[in-house]
Amino acid sequence: MITVENLTKRYGIATVVDAVSMAIPRNAISVIVGTSGSGKSTLLRMINRLVEPSSGRVLIDGADTRSEPAHLLRRRIGYVIQGHGLFPHRTVAENIATVPRLLGWEDARIRARVEELLQVFQLDPAKYADAFPHQLSGGQQQRVGVARALAAEPAVLLMDEPFGALDPIIRAKAQEDLLDIQRRFGTTIVLVTHDMDEAFRLGSHVAVMSVGKLLQFDRPAALLRHPADDFVARMTGASDRAMKLLSLMTAGEAALPGVCDGPTVAASASLRDVLSELLWSGRGAAMVMGEDGIARGHLTVAAILERARP
Amino acid sequence: MTSNAITLSVTRLRAYRIDALGAVLVAAGAAALLFLPFVLFKANRIVPGEPRALTELLPLWGNFACGATLALAALIAVGVGDARVRLAAALGGLVVVALAAAAAANALTPAGNRVVRVAAGPAFWVLLVVLGLMATDALTRLRPRPAMRVLYLALTLVVSVLVLAHGTFDNLSVMREYAVNAGRFMPEVRRHLWLALGSLGAAVIVALPLGIVCYRVPKLRPGVLGTLNVVQTIPAIALFGILMAPLGALAAAAPWVSALGIHGIGAAPAAVALFLYSLLPIVANTVAGLKRVSRSAVEAAHGMGMTEWQVLTQVELPLALPVILTGIRVVLVQNIGMVTVAALIGGGGLGTFVFQGIGQTAIDLVLLGAIPIVVMAFSAALLLDALVETLDRTKA
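Protein chains in written order, with the numbering used here: chain A, -3 to 306; chain B, 5 to 400.
Just to be clear, a hint being listed does not mean it is correct.
Unchecked claim - If you want the ones that stay clear, here's a sample from chain A, every Cβ over 10 Å from chain B, calculated:
| hint | residue |
| --- | --- |
| 1 | Q78 |
| 2 | G79 |
| 3 | T94 |
| 4 | F117 |
| 5 | D163 |
| 6 | C256 |
Claimed, not checked - Okay, the calculated beta carbon distance ranges per label pair:
| hint | chain 1 | residue 1 | chain 2 | residue 2 | range |
| --- | --- | --- | --- | --- | --- |
| 7 | A | E112 | B | R299 | 41 to 47 Å |
| 8 | A | H130 | B | W260 | 51 to 57 Å |
| 9 | B | R299 | A | A151 | 36 to 42 Å |
| 10 | B | V217 | A | G134 | 55 to 61 Å |
| 11 | B | G187 | A | H130 | 35 to 41 Å |
| 12 | A | P21 | B | A206 | 58 to 64 Å |
| 13 | B | A385 | A | A108 | 43 to 49 Å |
| 14 | A | H130 | B | L137 | 55 to 61 Å |
| 15 | B | M152 | A | P21 | 24 to 30 Å |
| 16 | B | W313 | A | D269 | 38 to 44 Å |
| 17 | B | R299 | A | D60 | 57 to 63 Å |
What the hints assert, rightly or not - Selected chain A positions facing chain B (in silico; Cβ < 10 Å):
| hint | residue |
| --- | --- |
| 18 | V76 |
| 19 | H80 |
| 20 | L98 |
| 21 | L99 |
| 22 | S272 |
| 23 | R305 |
FYI, nobody ran anything at the bench for these hints, they're computed from the structure. The beta-carbon is built from N, C-alpha and C at its ideal position, and this holds for glycine as well.
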């Protein structure tokens, strides 16, 4: 768990981050959203002390981050930035091996870890290990950037607009991959973005920031149902919040017992997608089927609409 | 004419395309052969030469072989696109021109006569430049890898030295001057290189950290670069003069300084001046190279837990190295040329021959100093270009 206590950053007379306190849960993705200039990146960079706070403190698993030299702290925390920041003069394998080398791992262990990560990120080691970053596509570069950040098995991963430079299709794939990676390694991830849709897709918790202040930090559904103020309501998109709410819930979670005569939808599909499917096909109800092929129950249009209320 | 016919004739013209560079080179070479003397005969080393045409000096078969090779090279230069063929033709032409000059010198020199001089004439030099340009152009089109370029250079140098050592050209006037100065030649070459490389080495040791500091502290930049810019504008001779007084005073005041060989004239002021001239290109290129390093790579390096020193040595300097080396290349070539002037204040080096030659109006002695300087500067440029290209892995 990362505990942020009263964290403040001032540059001259400007207060960029203003007394932010939050408890970032372990083994989950927390997303910080805000407009540009909201202080979200500064807040993130104070966690690994790329920016030193003016006051307040950060605790990781109870230990103050200032209890060790900043560069040693950072070696335990993964860090991914927009535009990947790969070293252009080093191969993919050398890039990924950066932090393990700083930590003095043995060569054999580094090689094994690099190979494992390339496999996890669907990059054939034989083809890509010795390639240089400029020889990769944008999506591949971004994946290498994340692999490099995870190389030394950090418990915490900080990501600053990691998908900002990707086109929409590659971004969607990168977001899927990140969810898989988080489930696989159980990493605690803090991600900064200005894109509310991305925040809702990825975050188990979402923090909304504006002009240096943390307005609300809660589960996405709670942000939609009970926005703390007008700004949060506007950020989360008041006009389509019913649909956003539906997109946060899966068919499996909302399924009612019993059977019906209708199309079959996957239990993992969002209620928003199921509703869209029913509207499109003109049917009133659908069967919900798990990945194992066992029926989980059924869903009616009325039942789905009931879920779209505050 | 119908449009079809026009298209057809344009296509045909393209098929018989004439190489523009080749045409210019051939025109220059032919004009030189027709209107300029190939060799100059001098009764002794300081009188002006009398022109001699090649045709009267070579045997019939020699004239024929020479003419045929140059004509073939000319045809290839104008009409053949294949770079390998062009390179072979240019090299063949160079060999023939060199051998013709040697043969002409042998024909004009009475056996055992050590007074007459046979110098290569304007036509020889024009042909040398023309064929040399044709060869470099062909090499550029072949795009050899850096290692191959260094190999070509090494081969050329080794073959040239072997041919010169063999004595083929001993009757040419430059080699006559070499024979007279043989004992002094290699020491002056070594001194020349030592002055050029030594001042470069000292400049790198000072300029690299200075460049890094200037990059890190932008406030220092205008002052440091401005001062070095002013140094750069002082003419070499003036700088020698300026340095003479303080170095002379230093040597007079402290005997141990004088014992180290530091005096108001000689190698010391030359080395100091070259060192000062070397600073600006290296400092400026270090700053430019570091500026060019990707901000996001540096931020990522910090974010992953590199120390300041590690960021500098593992990320910033390696990425700036090609630009820094380009600055060092400029300095090295500049120094090899500038050391020549050091001879004026007793600094030694190949400039000694150049200025002695000028003093004695013995142009061959000037060439004995100048030709090795050109060869060294050219080799240094080629070597460092190859190094820059090899190290720039980001553009591999």
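Taking the hints in turn, this is what the structure says about them:
1. Q78: violated, 8 Å
2. G79: violated, 5 Å
3. T94: At about 6 Å from chain B, A/T94 fails to clear the 10 Å cut-off, so the statement is violated.
4. F117: Non-interface label on A/F117 holds, nearest chain B Cβ at 17 Å vs cutoff 10 Å.
5. D163: Non-interface label stands for A/D163: nearest chain B Cβ at 19 Å, farther than 10 Å.
6. C256: holds, 53 Å
7. A/E112 - B/R299: 41 to 47 Å: Between A/E112 and B/R299, where Cβ atoms are some 30 Å apart, the hint is violated.
8. A/H130 - B/W260: 51 to 57 Å: The hint (51 to 57 Å, Cβ to Cβ) holds, given that A/H130 and B/W260 are roughly 55 Å apart.
9. B/R299 - A/A151: 36 to 42 Å: violated, 28 Å
10. B/V217 - A/G134: 55 to 61 Å: violated, 36 Å
11. B/G187 - A/H130: 35 to 41 Å: violated, 55 Å
12. A/P21 - B/A206: 58 to 64 Å: holds, 60 Å
13. B/A385 - A/A108: 43 to 49 Å: Cβ of B/A385 to Cβ of A/A108: about 46 Å, so the range 43 to 49 Å holds.
14. A/H130 - B/L137: 55 to 61 Å: violated, 35 Å
15. B/M152 - A/P21: 24 to 30 Å: With a Cβ separation near 60 Å, B/M152 and A/P21 fall outside 24 to 30 Å, so the hint is violated.
16. B/W313 - A/D269: 38 to 44 Å: Roughly 53 Å apart at Cβ, these two residues miss the hinted range, so it is violated.
17. B/R299 - A/D60: 57 to 63 Å: At 30 Å between Cβs, range violated.
18. V76: holds, 8 Å
19. H80: holds, 7 Å
20. L98: Holds - the Cβ of A/L98 comes within 10 Å of chain B, reaching about 6 Å at its closest.
21. L99: Holds: closest Cβ of chain B sits about 9 Å from A/L99, inside 10 Å.
22. S272: violated, 39 Å
23. R305: violated, 43 Å
Comparing the model with each earlier hint shows violations of hints 1, 2, 3, 7, 9, 10, 11, 14, 15, 16, 17, 22 and 23; every other hint is respected.
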